[in-house]
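J.: Residues per chain, in single letters:
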Amino acid sequence: MNKGGIVLGLIVGVVITLIFSLVTASKVVSTGKAEFCSSCHEMKVFYETWEAGVHGPAQKGVVKAECADCHLPHDNMINYLISKFKFGLNDYIAHLRGKGTPEHWIEHWKHKVPYKHQAYESGCRECHKTLVAKGIPIKAFKAHREYELGHTRENCITCHQTVGHGDVITAMQEELARQKMAKTEK
Amino acid sequence: MRLGSCFKWTFLLAFLAVFLAPGVYAAQGYPNLAKTKELVIKRGYSKEALQCIECHAKKTPGIVEDWKNGRMAHAGVSCYDCHVVPKSSPMASQCEGVRGTSIYTSPMVSPKTCARCHPSEVEQFEKSAHSRLASAPVVEKKKFQVLMYHLEGGEFMGIPKGDPRTTATRRSGCQMCHGSQTELGPDNKPVKGTWPGGIGHRYPDGGIGNCTVCHNRHKFSIAEARKPEACGKCHLGPDHPNIEIYYESSHGQRFLTEGEEWNWDAAPDAWEPGDYTAPTCATCHMSGIGELSTTHNVTERLKWDLVHVKSVIRSGERGNGERGRELMRKVCLNCHSSLHVETHFKKLDDVVALYNTYIENVQKMLSDLKAKGLLKQDKWKDPIQELYYYLWHHTGRRARHGAAMDGPDYAHWHGFFQIFQIYKDIEDIYNYRMKHGKIEELSPVMSTGPL
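Protein chains in written order, with my numbering: chain A, 305 to 490; chain B, 21 to 471.
Isolated chain B (complex conformation) (with noise of 0.2 angstroms):
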């Protein structure tokens, strides 16, 4: 009977634990099921920037767990420096923390305030293709708030201009990797998802780019912006398929297999051969190796243009071609004979112009066809503009980058295969609309484009 009674008094009290503790916690809210962090540092900084790391150890433990084990913290950097502004900073507000007092913070923090320990890195990075090129098209070109409005939008279909539906590709597209313009709200925060953005992103105090891109915040890590994915975060489908390639390179190969006891942290300039037993993004593009030394200017060591329409040697704000051939052959000399070296290119610069030829063939056909007016208004309804768009933005692309960074299936099939296809359609098209005088009734062609 005792022992009934205990039974039942047992089952009342887990159902109790069972039913009710839900109850408790959706009241006060749910704990911190991370450990809560106590912090004390005693060690190197101002009264203020211990009181930020001890408030947010709290409150974002992530964050300051996150910056512990970085360098920042290593060299006294803490949330105070970065974060700081003075009052009449266009960003300036106050976290609950500093309320009341002269102390003003901002959530975003720009290059400007990065350039103040690592000038010449952000001077090299303003001159690169990853700067204000990169959210050119996001903030200032037309056709691309097009796109990103009015066609992948649906204001085209009717949904009405400044519903937020219109701004949601920008938002969890185009912005991602390219940046926008940050707008600001009355309490000087960002409105409008116009923060955070990719690599070319623009603060209100004027600073153009995004270094947690690549160095994610808050341990902004060397090793992490060596590994290729940290490119292949932005650099990566059917437009660019740049990570995919590397990992069908030799290099790649050799990254997959050995990486794993590559050495990641060795010092900015002395990271090289040996470190590692096949080079990364980095080491080609940015890494102090042999006898060059860093840059933060990714498009520094690059001959061509192989992103646009037609591929042209790079010159003016995108760089000097000559001299980056220049410089790649010194990194690529680390590793291999100059017989290769030299084979390698020669590979290329046929690939482009193979490429180019292709490309000005059908731009003479599309002019004929313009001056007679047998293209369609809306280029996203007229196959011929269509194929020709797949033909340099994708499989264009795919070809030359494949050739570059010797990934052959992307040269090959993703490439070349498909484009002499796309060639042929386009050809086909363009005598049907020049021996009839007239535009097709049906789309012969899919939309989605090939793959």
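Pulled out of the complex, with its shape left as it was, chain A reads as follows (with noise of 0.2 angstroms):
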């Protein structure tokens, strides 16, 4: 094997592995996003709630956060895809299952708190840094401070639940009352 072989096959090797890794990157940036989510009719719902939210786009025309910055873990690098991996798989295997309906969403709120459903404090916490920050109200200091002084257990989640999707239970409940409703129109 001559040298200009190797360099050459080096040469594509790193151009090939390069143009992987930038496919790959901007994939996992692309289907972190609530285009990508809500393009599952199962999602519906929680777009809709996340879209009319602080955290959507319709209060201040800006999207202020998409779907993976608050569901996966932002705490390492390996972590947050090895999560993507494992929930990605999970929600495929449900959607073929036919599971994500209005009616499990409810049955399975009965049993479990709907707001923390993997939801990464980590994640809140990549882009609200200064938490006793300037500007924020009287009220918010004591209860900040706890947290920042490690004196609770207590996440993000506990106290602002309905950042994210809003009400969003009822919303789940009025979407059943919907499809019922278009259900019987046929």
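Please note that the accuracy of each hint is not assured.
Among the chain B residues that face chain A by a calculated CB cut under 8 angstroms, a handful are [claimed, not checked]: (1) V60; (2) K62; (3) G64; (4) A95; (5) G96; (6) D101; (7) P106; (8) K107; (9) S108; (10) C137; (11) P139; (12) S140.
If you're looking for bench data, these hints aren't it; they were derived computationally from the structure. Even for Gly, the Cβ is constructed at its ideal location relative to N, Cα and C.
Reassemble the complex: the two chains are provided individually, in unrelated frames, and hints are given to aid placement.
T.: Laid out in structure tokens, this is it:
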């Protein structure tokens, strides 16, 4: 094998790897966006409530956080990727099995608090780094100080339950009612 | 003549004013005789929050007056922060002021809401006997339900089940201190008098406890909760006269003499000897003092369980008794010598040992009688079982609590002085039944029990 061949091989290899990495990275990013997630019909209510909520575009015309910003852990890259793979697979299987209907969620939330569903504190803290910041209302001071001092194990979502999807239970009940009405009209 | 007609007219007008004015009021509804408040605030609240304040300043001026003078208002926490819930909350309803909007409220506020800003306090509280354990009798224990509805509620004398009279004693008594389980109607509002309730009250959102028992709404005062009267609203009376014991003790004597001059408002954990010249209930059982920091777990600094039949060292759900003693010792040492402290605790331990001896002997007699079928089925018609109840639940607690908090009159006259007499009566009945092999025909003791 000649020297030129090895160099060429290396160059081609690096380029291919680079392209593959970039494509993967861009896919990792694009598959965390609300547009992608809501391409499955199960996500309709979650998309609508997010869109209307404080992190969605409706209130100030700007998207403040996409799905993966909250629903994946942001403590380290490996954990992020593993979780992404795991949850992606989970949701895909659930999709194939026809789960994720309004009935499913309403039943599910009878036993579990809806607002904490796979929303990670590390996700909140990616953006909300300084909690006791200039301009926060005085009343927020006490609650956030306990958190910052580590006096409580409660996290962001314990108090800010509706920041992701508003009153998602009510929205889901309304969706269920809509679907039932549509069925009877048929 | 003109003067005379003038008098006539005056009389007529006065007559009309006196007899017709009440009629006018009755037709319009009586005016709110407390000043109707116009309260306009511009600072620090959202538009919705301001609407609540402004409307309630007119509708319920007492609530808003209380709130605006408390720390909540200073911290910018208003009606909206605690009373607004998502529509899907089991407690969601709408007052007339928000009807037709997307705002839902609840008159009930559970500790889960308080925990948003006071997480440590609620967490400590939940570990204490003031939380689930307090309402366990009313909500979970069959024996208590028999007492509330069947006995006190009069089912035993024929009042039908479900009649409101049968729950009257729960609503006016048990629930007021212990708390109960809130039941909701179709409008998500509490029904059957199941709300409000005392310190261990259970809410539909899963929260257990009632912070406003000691920090009354809507001022939520820290000074109020530090005063012995906060505890005395439940810890009083023949079965646990804790406030009476406190007033009798040297601590209480100084509180009654000098308490008005004390500094009741120091910040949590900074309220130390000097702000007061003697402790209140809160000082020893809850406050940050010396090296100890504050706790809302009122059972944390206790060694003995002094409320049940036999006194044992606290363990499991009721705490860690040995650690509790160590903590309380640290409290005492802020003002007393170690000799004084050791002498006190030795006295308490010996009192507990003495009381336990009485109770063990009586329990032995009762189990002998039970084995021979010489106990009545209905213990409230059986003098020996009734005496046993008063022995531990009333006199026995008075003796133990009196010793624990230095109220000699309760340790002695209301305590052991009656314990030995009850013991002797029990012994006599026991001997009679064992000798004759039968239960005596008439009760030789009064059933109201000794005070």
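J.: Restraint: A95 of chain B near chain A, CB-CB cut 8 angstroms. Satisfied or not?
T.: This hint holds: A95 of chain B lies near chain A, its Cβ roughly 5 angstroms from the closest one there, short of 8 angstroms.
J.: Does G96 of chain B pass the interface hint, meaning its C-beta sits closer than 8 angstroms to a C-beta of chain A?
T.: holds (4 angstroms)
J.: Holds or violated: is there a CB of chain A closer than 8 angstroms to the CB of K107 of chain B?
T.: holds (4 angstroms)
J.: Against chain A, is V60 of chain B within 8 angstroms by beta-carbon distance?
T.: Status violated, d = 20 angstroms.
J.: Quick check on C137 of chain B please, does its C-beta sit within 8 angstroms of some C-beta on chain A?
T.: holds (4 angstroms)
J.: Does the closest beta carbon of chain A sit nearer than 8 angstroms to the beta carbon of P106 of chain B?
T.: holds (4 angstroms)
J.: A closest beta-carbon separation below 8 angstroms is what the hint needs, so does G64 of chain B meet it against chain A?
T.: holds (7 angstroms)
J.: Given a cut of 8 angstroms on the nearest C-beta pair, is the interface hint for D101 of chain B held or broken against chain A?
T.: With a closest approach of 7 angstroms, the D101 of chain B hint holds.
J.: Once the shortest beta carbon distance from S108 of chain B to chain A is found, is it less than 8 angstroms?
T.: S108 of chain B check passes; min Cβ-Cβ to chain A is 3 angstroms, inside 8 angstroms.
J.: Just to be careful: measuring from the Cβ of K62 of chain B to every Cβ in chain A, is the smallest value less than 8 angstroms?
T.: violated (15 angstroms)
J.: Return the status of the interface hint for S140 of chain B: holds when the least beta-carbon distance to chain A is below 8 angstroms, violated otherwise.
T.: With Cβ-Cβ at 5 angstroms, under 8 angstroms, it holds.
J.: Mind checking the CB of P139 of chain B against every CB in chain A and telling me if the closest is under 8 angstroms?
T.: holds (4 angstroms)
Checked against the numbered hints above, the structure violates hints 1, 2; every other hint is satisfied.
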